[in-house]
Amino acid sequence: MVSDTSRLGFYLLLAPILLWLVLLIILPHVGLFVVSISEKIGPREYETGFDNYAAFFTEPLYWRTFARTAIMSILATALTLILGFPIAYYIAKLTRGRTKTTLFLMCMIPFWVSELVRTFGWMILLRETGVFSNVLQYLGVVSGPVEMLYNDAAIMVGLVYTSILFMVVPLVTTLDSLDDSLIEAGYDLGGTSTSILREIVIPHAMPGIVSGCIVVFMLSLGNYLTPILLGGKDSLWFTGMIYTQFITRFNWELGSAFGFLLLALSSFVVFLGLKLSGQSLSETMGRS
Amino acid sequence: MLRGDLLTVPQPDLVCQDLTKDFDSFRAVDHVSFDVPQGSFFSILGPSGCGKTTLLRMIAGFQSPTGGDLRIKGKSMIGVPPNKRPVSMVFQHLALFPTMNIGDNVGFGLRQRGVAKAEIKTRVGEVLERVGLPGVSARRVDQLSGGQKQRVAIARCMVLEPDVLLLDEPLGALDLKLREHMKVEMKSLQAAFNTTFVYITHDQSEALVMSDNIAVMNNGRFEQIGTPHEVYHAPSTAFVAGFVGEANKVTAKVSAMRGQHVKLISDAGTEMIVDTPQTGLDVGTWAEVFLRPEIIALGPANDDEGMNVQLGTVESVLFNGANSTVTVKDKTGSLMNVALPQTGAFANLRKGDAVVTHWDPRHARCYPVGS
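Protein chains in written order, with my numbering: chain Y, 1 to 288; chain X, 289 to 659.
These aren't lab readings, by the way, just hints derived from the structure by calculation.
Built from N, CA and C at the ideal position, the CB exists for glycine as well.
Among these hints, one or two may not hold up.
[As the list claims (entries may be wrong)] Label pairs and their in silico Cβ distance ranges:
#1 X:A404 x Y:P16: 57 to 63 Å
#2 Y:I71 x X:T354: 38 to 44 Å
#3 Y:R118 x X:H381: 55 to 61 Å
#4 Y:T102 x X:D555: 53 to 59 Å
#5 Y:R118 x X:G413: 54 to 60 Å
[To be verified] Covered, in the sense of this in silico footprint (three residues per stretch, anywhere, with C-beta under 8 Å from a C-beta of chain X), are these stretches of chain Y:
#6 177-186
#7 189-201
Pulled out of the complex, with its shape left as it was, chain X reads as follows (with noise of 0.2 Å):
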């Protein structure tokens, strides 16, 4: 009974269990679990500096872990050599070979498992269909440009079919332009394909675009793994809560409680009201509050009862087409970024205008300080 539950679950194509890596004194990846269904876009987003790129490597197989056990299709990969492991990886930089043209990069991994030349090719023509770029064998790398070498490097490994792509911030040498069709190229490849991505980044955009799912990291640990939906909407700590997408962050001390009722005090002596799931608060404690500025609407409420509301004066407005905002200064002087509705309104707002704000104490998420 047993035994056939489990020969009907599937297998994760990578499992990861306590995986630590030290340097020296200082710990790079600090027991990080997590485990990547087959054909998935798995993410690690976290601020430059947090083991992402240790753990991809430890991935990948040029740095081994000092603790834990990572497996691939149910296999250990401790002590297998990174040529041995059934996976490729995308270089931050591609490290396409500038002295091969496209056919001999491609078909590099094929040589190497002796496959005789004939099929090298058919199969080098064909994964280069699949991206998108036939008859570009014969060319040489810098003959193409950022986006097909970005599709070359792609190409490059899945012509080995890995059970696992890792890709390090292939996207970061490419202008803002190139990047955003390629994030949209980047997930219709890997559904075409349908192998699992490990994508790292310190794009928040790029996580939440792509992604199945998300893991927030910071410090070597995970804060939080989930879909983009969760990770934006519901983060579990207040790191997540700061680092992905926008939000002004308030420090305020707990001044009444009634179950999730959390009424808060600014430094700066602004009240408020939050509705929190959040445990660990308690009258007196300091908590930190993040409202993204989308949540934070101007004008005065239909229906007050409830709402956070204050006046203050427009600071600064930021125009920026569909992601404009203002900052809005309250009467205790602490500033706040509201977004400005899509639908042009408040297109009129200059500096020094009287404004109302208002929000939902269900919408902001609030957090134990020290947490």
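Next comes chain Y alone, as it looks inside the complex (with noise of 0.2 Å):
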């Protein structure tokens, strides 16, 4: 009797998560795959087969595009690295009390607001006629206005600026678990800031420099809004790509085709980050 009622309780407790995992997660990609290797013969005609992602390899604009968007994202996942690091660190070390509550919760405001209008905010500073540019001019830097939108550059501004807590909540965690005395050891025995740093904290913040690494990665490798809103028409980021296929070509065979290669190529690429960095993947997300 007990141990039905138990039974029933853990049933109910995973019902929410098999059905968002079985709704929202298998079935779109088991639609997904079927109609990826589906190929369009005639009007109205299909055959089975993988010529879609066939021709993601030979159209150089395709694979192309996805390296560009995979090498960006890296890019942006280590400048958010480089940057999120000392801000962790300076919170989860070198405040306590209410000072480190307060910077954790200023990390955490703007993301209150939509992503949307986060994005417009750094339109309305870095277009022609915005903030920047009118600065510039008036201290007498440049002599005509200056368009900072719709580069490779305002892109990585606005993958960083977007991802960025990602990178700080789990590092603040792991370097919050880390005990001073530890940092204070190695001192006493000789070591310098920058040896103590590589031979100490870092190891020990490895967990979550991984996980961080793994979501902000994702994020960028996935986002939408930000490559075309700061990078214009021209930013080709291959989410931008799916769209066209789905909804201006109505080529959804495609679309498809890459939907399914982005899932593969970038846990091809978090997996070869693990090999690299020599963790794995169970270890980092138990301990962060």
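Make the complex out of the two chains shown on their own, each in a separate frame, by following the hints.
What follows is the structure, given as structure tokens:
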């Protein structure tokens, strides 16, 4: 009797996550996969085959766009890490009590505003008639208006800004758990700031670094709004390409294949990153 | 001539002169001066919050003193960062690096000095052997027991051959049996390495067992510096008498004085005679009298002449093996802890039994109140 009730409770608790997984992750992917392996050979005539996947590799624009997206995302991840680490270290190790909570909250507050609004904020700053351009003209640094939008640097700024929170939070958590006496012991044994960072702080923070990097990389790779708005029409972001196939060209078959390739290739990049840094996914997720 | 004298006097490894540390308005360490000769085991004993950790952190270099001087092997350490000082510290929770194996932990300091890899390996092997843990280099930190971690932490410091080794209550986290064992081991390691140890603790038995010299610290000041024997048997202040070892404390008023003989009456009305060289006492002043449980004997005295004899009843018996005590209530109602002789006599004492207590006036300690 007791075991029956507890089993019922177990299934009730499991139900939402199962529904979520099946309805929103597995089912759409099965659908996508079915669509992606059908080739259009005539009006309303379809055949099963992998031509859509082949198109990705034979048409240089497609895979170059993907490579560009992946490389820019990796770069954005690296930049986010470089910017986020000192912030996280400062919050976790050099502040305590109220200051810590306030700083942490200040990192979060921008994320209460929709991503669209935040991106428009960047546009107001960077556009030809925007704040930066006007300030530069007022200071006499430049003679005419400067366009700072619609280039790769603008995309990069937007990506780093959107994802930095997802780097800072896991890093603060792992750095918080680093005992101060370990750092002191490092100094006491003759270590310098650099060697302590390299031998004590970074190895300890590795799970946080890895999980932060995975999340930021995935977010950047799958980001649509930021590259399109800040990079303009020529941003050539892979998600933009999927959108074009589905909406502009009504080529759901190729779009589905792209969607699948994005999943497969991003998983591959994460796998490669884990192998190169010598971390395992279960260990990383379990510890942080 | 003077120069020759200076050369023959061995220089102490560590000298602190008027060392002071203020935190805002709070003075954590208040004009502390002491020196520790080479190769000795020096303990700083005090209750929590007495400033001993601050003092140790100043020696290690994690905190800079507000005033005074600190010299190691004759060189002033003021303004020298912790990684440039010839001292090493064993932390309270040892602070072994969990991301490294034992060999890398012990070799950390040598790597920082740029010692060649092959030499690091041999020196790490040697020092691990000296602490009795040969061949553990490849193991992870969490594969060692508490006592083994302790020895690794000491090895990690000793491999750097520091002039002074600082230890911040490293035995606190161990269970009782292991702690007793490590006390002996720590002392023998210190003798084997012949390095100066500065050990801070709130546990008097650790300090008494291991040290060559003990400084008893309270409220940021040193109350007394002396050998364990002196600190236990000749405490120089009321705080030391009460903090080190067990003692019955009686507050009493001086009613008569004749040389070193002082006659007192406690607040409960018990009369007693104490022999004390203590100055500052006068007829009519209040004093605190400390009586160790082991100086009070039970049963009629052979020679009552000059002894403090009291009749009382047993209030409770606290059996604790060789450290068994009884609480005796005298006719005024005040309680007194009395150690039972280790011969097993009086083993049959029960609550309510009538007993006679007596103690020698020379064995009591007496301090003016407010000293």
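Original post:
Okay, which hints does this one fail, numbers in order?
Top reply: 2, 3
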